[in-house]
Structures are given as C-alpha cells and as structure tokens.
Amino acid sequence: MARALTERRIDWTGIFFAVALTLVIVFPLLVVGTWAFTNVWRYPSVIPQEFGLKFWYQTLARADVWSAITMSLSLATMVTLLSAIICLPAAYAFARMDFPGRNILFFSFLAGHAFPKFGLLVAIAGIFLSLNLIGTFWGVVLIQLVGTLLFMIWIPVAAFQSVDRRMEEAARDVGAGPFRVFWSITLPQAGPTIAAAVLLSFVGTFYETEGAWLIGAPQIRTLPVLMISFINNQPVIQYGAVLSVLLWIPSFIALLFARRVISSGSFARGFGA
Amino acid sequence: MSVLDIKNVTKSFSTTKAVDDFTLTVGDGELVCLLGPSGSGKSTLLRMIGGFETPTSGVITIDGEDVTRVPPEKRPTGMVFQSHALWTHMNVFKNLAFGLKLRGLPADEIKRRVEAVLELVGLGGYGHRQTTQLSGGQQQRVALARSLVLEPKILLLDEPFASLDQHLRERLREEVRDIQQRLKITTLFVTHGQDEALALADRIVVMRDGRTEQAARPDVVYREPATPFVAGFIGTMNLVDGTVANGRFAHSGFTVPLPVGDGAATLAVRPEALEIVPASGAGMAKIHRVTDYGTHAIVDIELPGGVRLKSMTREARDWSAGQSIDLKPRAFAAYRDNAAIHRSN
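Chain order of the listed sequences is G and L.
So the first sequence is numbered by this note's numbering: it starts at 228 and just counts up by one.
So the second sequence is numbered by this note's numbering: it starts at 109 and just counts up by one.
Chain L on its own, in the form it takes in the complex:
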C-alpha cells in the first residue's frame, strides 16, 4: 500500500526548474534514499513533501489525501534538518515536548513519551541537558527524537549527518536504520553520499537536474546502472567513450567485443571487473601508478589517448609503473543516448 504519492511534481524558481515533472510512489514502511549531487533537486523535493515549498504544478498525496497546498504544521510528516535546528533556548526535554504540548496532551503522557523516545535514540536521562551542551551526534539524535516523538506517518531526513565526521556518520546511519525498521516508519532520506544510500535504502532514487535517473533497489542501482550518470555516481566506475564497428568497441588501442549496432558508445567497467594482464604485443595501455591498500591494490592505467582507468587487483607486487598491459573486462555495460544497450553480466 502506498503512503506517499508524488505525481508529476514540478518546482520552478524564477527561470530554473529545481524539480522537473517528478513522479514517485513510496510504500508503507519503506526507506527511500533520494541520491544526487547538489543542485539535483532532492532537497527541494523533500521540502515539498514536508510542506516548506509549494509545487509549481503536480500533486502530492499522503495516505490518499491531497496535501499539495497544506502547510507543514498540518501534515503528518516529521523533518530532520541537516543543521539539526534544535531550539537553543529550550532544554532537550522542552524541545521534544513542544509538539506534544501543541497537541494538548496531558503532562504525564508527555513525560512518558519524551522519556521513551530519548531511550530509543540512546539518550535516556538527557532531558534536562541544554542542547548547546551536546555533541554534534547527540544533537542530531535529539533532532531525530523530536520528529519521532510525534509519531509521524512519514519521516523526512535532509542530509542529517552531513556535518558529522565519517565514523559517527556510519554509526548514526546504522542506528537510524535500526530505529526505522523497529518502528516500521516510512522514511525519505536525502543524501549526496552514495555509500550512505547503499547502506540504508530499500530503494534508491538517483536524481539529476530535478528528474529521476533511476529508481531501484541498491544492488540493482550498483550492478545495473540505468544511465552513464548513475554508473559514474554510484561507486567507482571506469567510463570510456568510443565507437562500435562490426561488433567491436574501440577507444585508441583498447578494444572489446560488443555485440551491438555500429555507432558511438560509452563503455562502463567497475575497477573490480577490469582484469589486467601483461601485454602480449604492443599492449593496449600503460600502468601509471600502483597503490597498495593492504587488502587490495588499485592500478591506475593510462590509455594511449590519455584517458585514465582504475583496476582493482589482489597483488600489488605483480605490477609496476610504466609496464605495458592488456585490458580484459570481465563484466561491463555499454550506453548509447543515455540508455543501456548492452550488459555482459
């Protein structure tokens, strides 16, 4: 059953379209990540769902009810902002109790619910603290609790961990995932970090220029990116522009059999799927650099035309800079006119 329906929503700011004819349906209890570079319209879309922006055209429905023009205070959504936006003139308890008080709940009920939600986010007993005394991670937990305590139908998170360090970010996103699954709350999570999206999401919506590039399960987005943009944005991807003639893709010396019609094409190969072997003849490329990461090594390869590729290998010792090599992609995809025309996996 769908909780959130976004139909043909467009948002224009003077001349530019931040969100352009966007359509998405989110199911009950689903966690959807809106992923894209800055300026892709993901935050604007989230703000429209929260009621902070009004769509120029299109319809947003929550539980079948049209909320397109409903102000944020009357929507069953809860938003967590990137800057946590805690009210610094109130302590933690008052921050969480504010919304409950507005709903006219009795004091003991408010106390019970605030304490329960603080427990849930791992901040039991922090009610009397001032928000400014908390660390960045704790502040963001309070912000999350402030939304959760009102039991919203849809939880909206706008890059909530972007200002935290890598280590804390990873821990908090695991906690968010745990809480989300325990409460089975429908969640939209905006991020520009592809690792965050891959780790969290039931479904990833990759956005670009206000439109959907691909909406699919994380593993599908990773293994079968629908467009070269998605391929380049998620994980590391080698993209090589070339031409196909007689069932063979070629870019300077680098050629691969590609059973598609003649014409231009973009070849996409993950570093872990790009095998390298010592050159049998003149060699397709030269090794530029070898970096040993302990568990694996990354070999930087330079094609005769100057294009750089990356290959992941187990052993750094087998390779050295300047060495001539041949390239053997084990799995790859090919794109033409912004659509996949071939997959070899």
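If we strip away everything but chain G, and leave its shape as in the complex, we get:
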C-alpha cells in the first residue's frame, strides 16, 4: 500500500529541472532557429508574419560566407591534423616513459587555460607581428594549435595508460618492433578515446573565435568571426541567425559520432572516470 503511494507521487524536483533546462537550452535555440527561417517578423507579433528561405538564399549567395566556410573547415582540419601528429606521440611518452621534468611539463599544458586567454593572445600577437604571422593562415593555425594541446595531450595520455601493458608485451613477444606495437596494438586499443579527443579538438577549433580574430583579421575570416561581424554590423538579424544554424552542423555531426564513443565508456575513461 505504502509502496503504491510512493510510486504515484509526482517528482516535482525532476519536473522543475526538466522545465528549467528546456527553457535555458531549447528556448534560445528555438528563437535563433525561427529567425533563420523568417522572412518578416515585426513587433509585437509572437510568431513571424512570414516564413521562408529568403535569407538562406541571400546568405549562401554571398562569396564571403563561402570563403569563410572553406577557411574554417581547412583551418580546423589542419589544426587537428598537426595537433594529432604532435600530441599523440607526446601523449604516449607521457603515459609510458619516465623522464626528468615529466610532471611539470605535463601540467604546463594547463597554463594556457589557467589565465585569461585574451591577455595571452595579445602577448602572442605581439610576437607574431615581428614574425610576420599576423593575418596569415599559418599564424591562425599556430594560435589555434595552442588551444588544442590540453585536450590532445591529457585525454590520450589517459587512453594510453589504460591500455594493458601485457598486450603490448605480447605483441613484442610474437615479433613486433616498438613502432609496430604502437601502430597495431596501442593505437587501436586507445582508438575510441583518442577519436573523442580528435573530435573535441576539431569542433573546438571550428568554433574558436578570439585567436582567429586577433591573429587572422582582417585577411583570415572564419565562420564564427564572420557571424560576429554580421551580428555587430548588419541591421538584419537573419544573416546572423542563418550562420548560427549553419554553425550547428559540425557540432551536430560531432555529437552523432561522440554518442558512439561516449556510450562505449571510453570517453569517460579518458577523463579518468
């Protein structure tokens, strides 16, 4: 009897959180999404007077939008690739080898995230100015690379550490050299978690704005930088809204991939859970 009562009791706390989260997360998305597909929406109407794809045609007809999309994709790809090439062997070294200064070096990657980022960026911009890297593709690549280091070292370190050493030894035992062991055993074993780190670094780089703006402007215009300038300079809200929706696409694809990784638990393992 008592049990039936407790089962019927309404979970108000749960409902409160569900509603609050819906308001905070879904509502702004809904507003931006609505704006992107709106032709006319005048105060005080609650819903737009006229829906349509007018501003999609207009936005996608602009050359600067397409060059920003290409720029953002090639930047994110290049940064992620370079980051993987630099960080994965370094992460393996952190995970499996002992060398002087290992711990200090390991925690130094936090330093870039421990201080206000803008101050750091301004200081770097000063150095880049004398190196003629301001306003260049490779200048932005370098600055965004710094931002990925923490993810791309820390998560793979945890992934490599969770690979059973006996597996690597067994591979040595049947005749594989150290490099072959890394390629055929360690990397596939750590694979899902490393994929998560790569994904994070790609998406993070794609949305990175401060560095791209400070180092790249005005020659290098990424999608988020373009979106900010649209929002700041255009009287028409729809341009910004359409770009926002466009910017969701990579994170949506990333989420789809991440679901597979997260469900296998390796993502959480990467963070030491």
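Think of the hints as simulated: they come from the structure by calculation, not from any bench.
None of the values given here were measured: they were computed from a predicted structure.
Note that CB positions come from ideal geometry on N, CA and C, so glycine has one too.
Treat the hints with caution; some may be incorrect.
[Unchecked claim] Facing chain L, a subset of chain G residues (Cβ under 7 Å, in silico):
| no. | residue |
| --- | --- |
| 1 | ARG236 |
| 2 | ARG393 |
| 3 | MET394 |
| 4 | GLU396 |
| 5 | VAL401 |
| 6 | GLY402 |
| 7 | PRO415 |
[As the list claims (entries may be wrong)] Not close to chain L: a few residues of chain G, all C-beta gaps over 10 Å, as computed:
| no. | residue |
| --- | --- |
| 8 | LEU250 |
| 9 | VAL267 |
| 10 | GLU277 |
| 11 | SER294 |
| 12 | THR297 |
| 13 | PRO327 |
| 14 | ASN330 |
| 15 | ILE331 |
| 16 | LEU332 |
| 17 | PHE334 |
| 18 | ALA338 |
| 19 | PHE342 |
| 20 | LEU358 |
| 21 | VAL472 |
| 22 | LEU483 |
Knowing the structure of chain G, use the given hints to seat chain L on it.
Only chain L this time, still in chain G's reference frame:
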C-alpha cells in the same frame, strides 16, 4: 643438450635484488616449474628469459647464443601471460595470425597453421570469434595457441591459470602437459601453487628471495626437501624447532631419537608419517581437533608449548578432542643452519 642456460643472473630494482646470482640449465624438451611465493623473483626471471627485463648482471643463452640484451621480438621464446593479454580489437584468428604475418608468411600458410593450432588447443572453428566472447579458460587457450603457432624454442608461462577456478585449472594444466609432451617443447612454467608444480614438472626449481632453494624432480622435492623452507612450502609439513642432546631431539614433552651432534635442530614430519598412539604415561601432546574427510582424517595436535601439528589417520572414530597421546614419527628429516642433517627414510 641444453637449450637454455642462465648463468649468474642478477636483477636489481633500486635497492632490492629480485633475482640474486641465479644459475639454471634447462634441457631440450624439459618442463621446468619455477615455484615460489610472491616476491621470490620467479616472474622477474621468466621476464628476463622472454626479454622484457634486462639482467643487471649475468648471461642468458638460448641454443648457445647469447640473448641477454636481445629484445623480445628477436628471441625464439613465446610467452603466455597471466592476464592472457589477448588483443581485444582483433578476433581469435587475427590474434593468432599477427605474428605469422610479421614473418611474411603467405596467407594460405597462415590459415593452415592457425587452424591446426586451434585444433591442438581444442578450439577448432573458433577463429571468427571475438576474444571478449570467450570464457576465461578459452581465452587462456587462445593465448597459449598464439605462442605455440610461432613454434618457439622455449615456451614461457607466467602463472597462466592463476585467475581460473580450481576445476578448470586442473583440466588446463593436464592439457598443457599433453601438448607440451606431444610437441616436445622446452617449457618454463611459473607458479606459486605447489600442486601445479608437482603435477606438471619434469623438474621443480623452488625459489626464495631470488635464489634457488632446491632444483630437483618433483618426487625428490616432496620426499627430500633440501631446506626447511622447501619442506614447509611443498605439501603440508609439520615443522618443530627443538634441541638435540645425546642423540635425542626434544621439544617440550615431544622427543624423538635423532643421531646427530648436539645443538639446535628443526624436525620436519609429513602428516601421513606422523603416527599417533594413545598415551602410555602423561602423554607427549593433546588432541585439539579431529576432522573427518571421509577417505582419511586429520588430527590436530597441540604440544605443551603451544605448537600445533597435523597427523593423517585412516579412522576418525579412534580419536577425540582432549585425548592425551604419544607421537611416533615413522619418517622425518632434521635441519640445522638451513640444510638437511638427517633423514630417516
């Protein structure tokens, strides 16, 4: 002919010596068990033979060739790990084929050899299975097959069945013994289970603190343990410290004729060799407990000093707790300064 020669090998980890001036020669086709408690250096020794640790000093030769500093991938050894260490991102076939592929064998030859070795370990047709779908015993069989498929000169097994239950362990060790004898492969088997060593080995090397306590045939190790440590480690053994005076060993009321010089001595008697009889006078000891195992009974005996002994008898009914008894060891050994000074068998 010796296949493996270990000469004066020492391995130090910072301050401790895991293996201390160890020497051993293993003949062709011999199965040697390295037996000892944890921390006795047996696993470290095996890892040095496999190439996973480098000796601090000493020389290891395989077939006359110095391999002391040769990396594992270039040694003719095959290792089976306690944790089976199968590559979980490959299926059974790929696990077995990996080493063959590295050797550049043609695909049909690889297929033939993998199928043959799976048949050998009783897992014919399991090639397409994922390693995570297998039971613990099957996983360890695959691990064994992965080593065997490369036809190593020396097979190294590092407590391979320690994580399996008793029943499966017994079955697998019989299979390993059968396969080892069929292939006549030289094998080193590390274990801390004395029953495993007794059942498997051509020769047992009992290790303690990185050194050899005794290296001999299983029956010799059991019947004539060289030191009190071996006596206590293999099987059940009653060990009593006492003194010898005028050819007689004594520990409180318990005395036995022992024709050795005066001094301290340790008496070692197996439960099956310790006969008990009802006390004729005051009695040497009292019965503490009688446990009936059906086929035999174990009588726990307490000496006046508090030392406990075990005696194996046929009939539990003849004895009861609290009864005063005399002790008549039929066969025993005596040790002094870590060496045997007398055997009465």
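A quick look at each hint next to the structure:
1. ARG236: violated, 42 Å
2. ARG393: holds, 4 Å
3. MET394: Since the shortest Cβ distance to chain L is 5 Å, the answer is holds.
4. GLU396: Hint holds; GLU396/G Cβ to chain L Cβ min 6 Å, cut 7 Å.
5. VAL401: holds, 3 Å
6. GLY402: Cβ of GLY402/G sits 5 Å from chain L, so the hint holds.
7. PRO415: The hint holds - PRO415/G has a Cβ within 7 Å of chain L, the shortest such distance being about 4 Å.
8. LEU250: Non-interface label stands for LEU250/G: nearest chain L Cβ at 44 Å, farther than 10 Å.
9. VAL267: Non-interface label on VAL267/G holds, nearest chain L Cβ at 56 Å vs cutoff 10 Å.
10. GLU277: holds, 55 Å
11. SER294: holds, 41 Å
12. THR297: holds, 36 Å
13. PRO327: Consistent with the label, PRO327/G stays out of reach of chain L, its closest Cβ about 17 Å off (over 10 Å).
14. ASN330: holds, 19 Å
15. ILE331: holds, 23 Å
16. LEU332: Since the minimum Cβ distance to chain L is about 24 Å, LEU332/G lies beyond 10 Å and the statement holds.
17. PHE334: holds, 26 Å
18. ALA338: holds, 33 Å
19. PHE342: holds, 39 Å
20. LEU358: holds, 43 Å
21. VAL472: Holds, because the least Cβ-Cβ distance between VAL472/G and chain L comes to about 38 Å, which exceeds 10 Å.
22. LEU483: holds, 22 Å
Hint 1 from the earlier list is the only one contradicted by this structure; the remaining hints agree with it.
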